[in-house]
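*Asks:* The primary structure of each chain is shown beneath.
There are 4 protein chains.
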Amino acid sequence: MLQKEEINSYNKRHETVHQRSLDFLSEKLAHQGVDIEGIINKTRYFQVAVPSWALGTGGTRFGRFSGGGEPGSLEEKIADVGLLHALTASCNAISLHIPWDIPQDAGAVKALAAKHGLLFDAVNSNTFQDQSGQGQSYKYGSLSHTSAIVRQLAIDHNKEVIDHGMALGSKALTVWLSDGSCFPGQQNFRKALSRTLESLQQIYKHLPSDWKIFIEYKPYEPNFYSTVIQDWGTSSFLANQLGEKAFTLVDLGHHLPNTNIEQIVATLMMQQKLGGFHFNDSKFGDDDLTTGSIKPYQLFLIFNELVEGMTSGDPEPAWMIDASHNVKDPLEDLMQSLEAIRIAYVQALLVDRVALHEAQEANDAVSAQNILQDAFRTDVRAIVAEARRVDGGALDPIGVFRAMDIRKQLIGQRGEKAIATGL
Amino acid sequence: MLQKEEINSYNKRHETVHQRSLDFLSEKLAHQGVDIEGIINKTRYFQVAVPSWALGTGGTRFGRFSGGGEPGSLEEKIADVGLLHALTASCNAISLHIPWDIPQDAGAVKALAAKHGLLFDAVNSNTFQDQSGQGQSYKYGSLSHTSAIVRQLAIDHNKEVIDHGMALGSKALTVWLSDGSCFPGQQNFRKALSRTLESLQQIYKHLPSDWKIFIEYKPYEPNFYSTVIQDWGTSSFLANQLGEKAFTLVDLGHHLPNTNIEQIVATLMMQQKLGGFHFNDSKFGDDDLTTGSIKPYQLFLIFNELVEGMTSGDPEPAWMIDASHNVKDPLEDLMQSLEAIRIAYVQALLVDRVALHEAQEANDAVSAQNILQDAFRTDVRAIVAEARRVDGGALDPIGVFRAMDIRKQLIGQRGEKAIATGL
Amino acid sequence: MLQKEEINSYNKRHETVHQRSLDFLSEKLAHQGVDIEGIINKTRYFQVAVPSWALGTGGTRFGRFSGGGEPGSLEEKIADVGLLHALTASCNAISLHIPWDIPQDAGAVKALAAKHGLLFDAVNSNTFQDQSGQGQSYKYGSLSHTSAIVRQLAIDHNKEVIDHGMALGSKALTVWLSDGSCFPGQQNFRKALSRTLESLQQIYKHLPSDWKIFIEYKPYEPNFYSTVIQDWGTSSFLANQLGEKAFTLVDLGHHLPNTNIEQIVATLMMQQKLGGFHFNDSKFGDDDLTTGSIKPYQLFLIFNELVEGMTSGDPEPAWMIDASHNVKDPLEDLMQSLEAIRIAYVQALLVDRVALHEAQEANDAVSAQNILQDAFRTDVRAIVAEARRVDGGALDPIGVFRAMDIRKQLIGQRGEKAIATGL
Amino acid sequence: MLQKEEINSYNKRHETVHQRSLDFLSEKLAHQGVDIEGIINKTRYFQVAVPSWALGTGGTRFGRFSGGGEPGSLEEKIADVGLLHALTASCNAISLHIPWDIPQDAGAVKALAAKHGLLFDAVNSNTFQDQSGQGQSYKYGSLSHTSAIVRQLAIDHNKEVIDHGMALGSKALTVWLSDGSCFPGQQNFRKALSRTLESLQQIYKHLPSDWKIFIEYKPYEPNFYSTVIQDWGTSSFLANQLGEKAFTLVDLGHHLPNTNIEQIVATLMMQQKLGGFHFNDSKFGDDDLTTGSIKPYQLFLIFNELVEGMTSGDPEPAWMIDASHNVKDPLEDLMQSLEAIRIAYVQALLVDRVALHEAQEANDAVSAQNILQDAFRTDVRAIVAEARRVDGGALDPIGVFRAMDIRKQLIGQRGEKAIATGL
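Chains as they are written, first to last, in numbering that gives the first Met the number 0: chain R, 0 to 422; chain A, 0 to 422; chain Z, 0 to 422; chain X, 0 to 422.
There is no bait here: all hints are sound.
Remember, identical chains collapse to one label, so a pair may be satisfied in a single copy or spanning two.
The calculated lysine-lysine pairs, modelled on DSS-like cross-linking and capped at a C-alpha distance of 30 Å, are: (1) K170 x K204; (2) K3 x K407; (3) K204 x K272; (4) K416 x K109; (5) K41 x K27; (6) K190 x K244; (7) K11 x K407; (8) K244 x K41.
Quick caveat, the hints were computed from the structure, so don't treat them as lab data.
Nothing here was measured: the structure is a model prediction, and the numbers come from that model.
All chains should be built: construct the whole structure from the sequences, respecting the hints.
*Replies:* Dropping the structure here:
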């Protein structure tokens with residue numbers, strides 16, 4: 000485990016430059032009537048969960064080029080998220096994926112996580128792959144399957160995932176279905192949707208009273224003609240049928256080209272139905288790239304709606320990173336995502352919301368754009384760094400990670416060929 | 000007005016070849032246990048409305064290259080649709096657009112239409128353009144506008160459109176809003192949607208008890224960042240809030256790239272919420288091309304869902320063509336659309352639905368595809384022609400139109416430079 | 000090996016119905032001045048290669064659901080293609096992928112193929128995956144790699160593939176590169192393209208004088224920000240720099256949404272630079288679905304350009320199916336593709352090219368569309384079936400495959416868990 | 000004409016805050032070894048042309064909502080660009096569009112422009128609209144038209160545009176063709192491209208020896224099935240056939256969804272074939288929105304390639320804004336574009352190119368991203384403002400424009416209903 004002293008010693012090297020930037024920003028914001036301390040505090044509070052499967056190198060159907068030192072057990076995954084949290088003070092939760100991360104001894108796992116300052120976020124079921132020895136196959140679907148036996152298998156699996164989550168202190172279940180079809184005619188759209196609803200109703204009944212269920216949508220992949228829950232409209236239909244514990248989950252990569260995602264976010268929030276949020280970035284499809292690496296302005300616009308909603312009293316969704324790390328070190332990739340997320344969040348906090356509403360009421364598109372871009376063009380990295388520093392993290396997390404050769408240490412411990420369970 | 004005798008005389012020339020094809024098809028279908036007469040009768044019943052604005056040459060923002068002989072009055076538009084119906088026996092209704100087609104004497108207009116065998120389909124309001132002398136502008140929206148005065152103007156206009164429709168025997172109002180924004184920040188998504196709902200509620204109250212209201216959605220154009228009703232999910236939300244007389248309207252061109260439209264159709268139908276349907280085709284956006292000219296298989300797949308729904312007892316939506324005729328003679332273009340629509344409909348009727356359901360239940364994607372493509376690959380033009388012939392139409396409508404030099408006659412009557420009101 | 004007598008006995012059951020359809024079509028075409036015999040002969044001549052990797056179940060990054068009886072060796076792959084050819088008489092060539100299919104004894108392999116009536120089409124190199132024991136990794140590219148050592152490895156591999164191909168009688172090398180980047184900045188576009196050109200020049204030098212090299216392009220996947228050869232323009236640039244033995248290869252799935260592929264085909268053909276063609280279909284990206292299963296009209300429009308080019312004397316490209324079979328039996332999937340390809344080809348042959356050119360010169364878009372759709376709407380399946388029958392194939396290949404329980408036999412021979420080498 | 004003293008007096012109000020930001024930035028950059036003066040000087044040199052048609056309110060096919068005070072003559076357009084240049088010191092050239100802006104007295108027009116400090120950039124021909132009294136129509140194309148008479152009309156028009164440009168001191172002709180087709184079959188792709196090449200060759204012959212010709216490409220609109228010059232590959236083919244004075248022009252809005260434009264820019268630059276550049280922004284298609292309003296990071300990435308090319312000694316392209324102002328005041332819109340362009344340019348200048356090349360050679364995607372984003376996240380507005388200030392422009396151009404009520408003045412002079420010629 001990384002010692003706070005080590006981080007502090009690295010921080011010292013950057014302190015002067017950091018303080019200089021922070022002071023400038025503080026003065027500049029004060030001039031605009033904004034108290035930088037309030038922003039820093041909100042930033043510190045903004046924590047994003049890391050999923051257990053994101054700690055190993057990802058791949059595509061064309062192959063996977065593993066890096067070394069990947070975590071091979073749940074305990075090692077927790078250690079990796081702990082390390083991330085120590086460096087960034089931005090990710091105080093881990094999101095488990097069953098069956099890749101079945102906790103054998105929930106108490107011990109919980110205690111280990113607590114040592115790293117980590118909670119357990121939403122648990123994720125997996126009915127898009129067959130597990131060895133599985134009697135029935137999900138090749139043609141799970142909750143929507145034509146066979147009641149397969150549906151029951153998938154329902155039972157989801158119930159089991161809830162049970163695991165309860166033991167760890169999770170409060171939500173995320174359901175992503177790959178169910179769909181590759182060819183016109185293969186699946187009866189109406190029956191598939193009805194069956195999915197019925198299956199979800201079974202799972203919903205098993206949900207503890209203080210839990211939520213998040214229903215993810217995705218237009219394609221791994222099915223390439225249709226997906227049972229293809230868009231937010233379908234997810235919304237299902238969530239409304241299920242009841243008040245059911246919500247829609249938005250994954251940034253799960254949209255058709257050119258979709259106005261920020262508007263979907265606003266629409267769901269005003270209906271109090273946005274439950275979860277998966278961060279990543281993409282240029283073409285569900286590319287699962289580092290958050291903020293391709294469309295940082297879109298990310299800011301989405302945060303602008305999220306802050307607008309949270310300011311209006313809408314419940315805050317569960318935040319999680321959902322990316323695949325094919326060409327970067329997974330931990331470095333996650334640190335870049337965590338940085339980009341908080342930058343966008345801070346920029347959204349800086350939006351002069353009163354002026355924006357005035358410009359909107361006056362249909363003054365020029366001013367409205369200027370107000371948003373004034374926030375976006377502000378260099379807020381000192382705020383994000385300060386929030387980390389105050390909570391014991393590093394001013395330059397990747398710098399520390401590289402200077403301390405942490406990956407090399409992990410390879411030493413775990414080996415060059417370790418491959419994380421999961422994708 | 001075109002005389003049935005003229006059409007008959009042209010039909011004679013094609014009779015032998017037509018009958019040969021029909022006989023072959025009849026025998027082939029009989030071999031498959033399908034009664035061709037039943038199919039022909041269903042085809043005859045399938046009538047599509049033509050909108051009044053589709054009778055003139057359309058344009059783009061880069062200009063418009065008018066043809067000649069375009070209808071300059073409501074009476075001439077009715078005459079054009081009457082001509083189309085005489086030739087094709089496929090379009091027994093006209094859909095008016097207010098204020099382009101305000102009927103001065105509703106009784107006379109109704110009588111004129113009846114002479115042509117035409118009914119009045121859904122009426123369309125227009126709040127996306129300012130009319131000369133209009134006190135307030137729709138530049139920044141209508142039903143969603145920030146100003147209560149503009150919203151009231153738009154609400155009152157819609158009520159007036161209902162009143163016109165009642166006088167003519169229409170039973171539905173179609174609302175398409177261009178409301179939205181061109182720049183991030185310009186519009187408050189939440190307020191805009193709330194205002195739209197409130198405005199629609201005012202209009203809904205004015206709706207006669209036997210009327211329906213159709214809410215169209217569209218992702219972009221003429222606004223290029225956001226649209227208040229961007230997708231079926233938003234339309235569905237509004238329709239559900241409004242009540243049981245409110246429905247979603249699907250326009251084939253109003254979707255993002257690669258959208259699975261047939262699945263949206265199935266989802267809306269199973270919720271009994273598909274109210275209207277606008278036919279056209281497109282490669283890039285809302286290109287408004289001739290129906291079936293770009294993606295005839297997609298059109299068939301959509302009809303496959305429509306037939307599946309109608310077979311299940313779901314209410315039949317209101318059918319309309321909504322295209323723009325930039326490089327073709329508008330009447331010829333409409334005849335090609337009417338032909339393509341009925342071809343797709345007949346092919347969907349030929350799908351062996353029992354076998355399809357079996358293949359679907361067995362997850363036999365190969366057979367399911369074969370069943371659909373067997374219907375699609377069948378050359379059903381003889382059935383479509385026969386349905387026209389039985390109802391007094393032409394075996395070859397465009398052939399008759401050209402042979403009789405009808406466009407030349409219209410130019411003679413209306414002039415080379417006549418330009419239809421509307422887009 | 001399937002006996003011709005078995006196929007004949009199945010054909011007998013369909014003979015009457017088939018002959019009836021063929022006679023009707025023959026008469027109909029004769030009426031249009033078209034000799035059906037000429038069309039049937041051209042169809043027989045149209046043969047498409049099957050790649051060795053297409054004989055097993057494909058997967059996605061989310062997993063793979065294998066079927067049974069997959070071929071485990073090059074010999075078994077040849078047997079599978081031989082079986083396909085026996086049933087369809089449409090695929091007289093196999094396209095090998097090195098290193099998945101290294102022929103240990105080229106003479107024996109050639110002889111085995113000859114027994115099945117098979118030739119060896121273009122050979123394919125693979126520098127998108129590391130082979131076990133490979134000293135250097137392709138993780139960051141191959142022919143474009145920053146390291147000269149990795150580039151040399153990839154160059155040498157391509158030379159070796161040519162050598163294997165020469166031993167088998169192939170006459171072309173297909174190069175598909177996955178080289179590119181996942182993040183802005185990761186790769187220097189200019190250097191990467193220059194290096195690729197230099198590497199290709201090395202390979203080009205090794206090319207025998209009667210060989211061709213085909214350069215494939217693809218906009219994304221497995222890299223998700225940029226691809227070194229992203230479009231036909233880049234491939235064209237490389238091919239022009241290389242020389243007259245270098246050509247562009249078009250894969251139907253390798254385009255951005257809404258691309259007009261048929262126009263690219265026409266442009267390349269008129270420059271005598273279309274070398275190879277990979278068939279498949281897709282809705283979203285490189286979905287690798289059965290040819291003709293999603294956009295059969297686009298396939299027809301592409302064939303319309305191919306036939307236009309071949310009629311103008313342009314050289315015929317090398318034809319190959321490149322699909323992934325995730326939910327269908329691979330052999331059935333290939334049979335559906337082969338059928339769809341020949342249907343589109345025959346429809347394109349039926350286009351009245353003289354009338355089309357007249358309509359085009361007259362800017363008569365209505366007639367031009369009618370001419371194309373008249374061909375497309377014609378049910379030409381009897382011609383395609385007859386071409387198979389004449390060459391000893393089955394009137395209903397999938398029917399025979401299922402009736403004879405061939406997959407079950409293969410599972411018996413090869414086992415339930417056999418997994419083909421390759422993707 | 001706006002007096003420098005007025006601008007200065009407004010600048011005084013912002014001076015302290017501006018200087019504070021500039022000092023901070025200067026110190027910060029100095030710390031990184033970057034001389035802010037050099038950056039400011041390069042920024043001052045970066046001038047973008049404004050097209051004459053961009054000074055009035057734009058519209059869509061659904062209508063146009065004019066603002067007031069639009070320029071009605073060439074002289075008023077020059078005055079508007081002069082005003083923009085006085086405020087921003089960023090646009091020292093105007094780009095004329097013939098026949099909308101035929102200069103009756105070239106000498107006087109040149110002198111007027113000089114008074115405003117303006118040059119004449121590339122001249123633009125228009126063969127996508129018919130002019131009143133035009134004998135032949137461009138409805139079905141111009142340089143690619145099937146009729147030699149129409150092609151000659153379009154060729155002659157382009158020659159005439161060159162002649163007008165010569166009289167004004169322009170050095171380039173920009174050709175954008177709307178030629179294409181709306182329906183499959185309508186146009187013969189091969190003939191259309193050949194005819195276009197032949198027509199361009201005629202125009203090319205008329206080009207003075209020190210002139211360039213820029214060939215624009217666009218995938219769709221106003222034609223919705225195909226465009227004769229659909230992509231950079233086609234433009235490149237034409238430019239290479241024409242000769243060394245012919246170049247490709249890139250318009251940011253003329254690409255299919257998800258295109259990697261920055262890579263196209265790099266590829267053209269390394270071939271010395273990037274001639275012109277049109278700035279705007281878009282979410283869906285050729286939306287012609289304010290530059291930098293939708294995808295500012297993409298704009299930065301494009302500038303990163305432009306700077307990479309210019310640093311390598313590639314010729315600098317001709318820069319122009321090409322946008323449509325549907326909901327904003329056109330002058331304010333242009334000021335926002337000019338600001339965004341220079342911001343992106345300065346950020347690209349700040350990229351540590353040595354470190355970037357090192358990271359690229361090391362395949363260190365994490366560092367490469369950090370280097371780019373470090374530049375992008377820097378708040379460079381003080382540099383852009385300072386470059387304006389030094390050249391006599393305003394620190395806050397829109398602020399001055401609004402404070403002085405300039406639009407009101409223009410309405411007073413030109414009227415509320417003045418409508419600019421052009422789109």
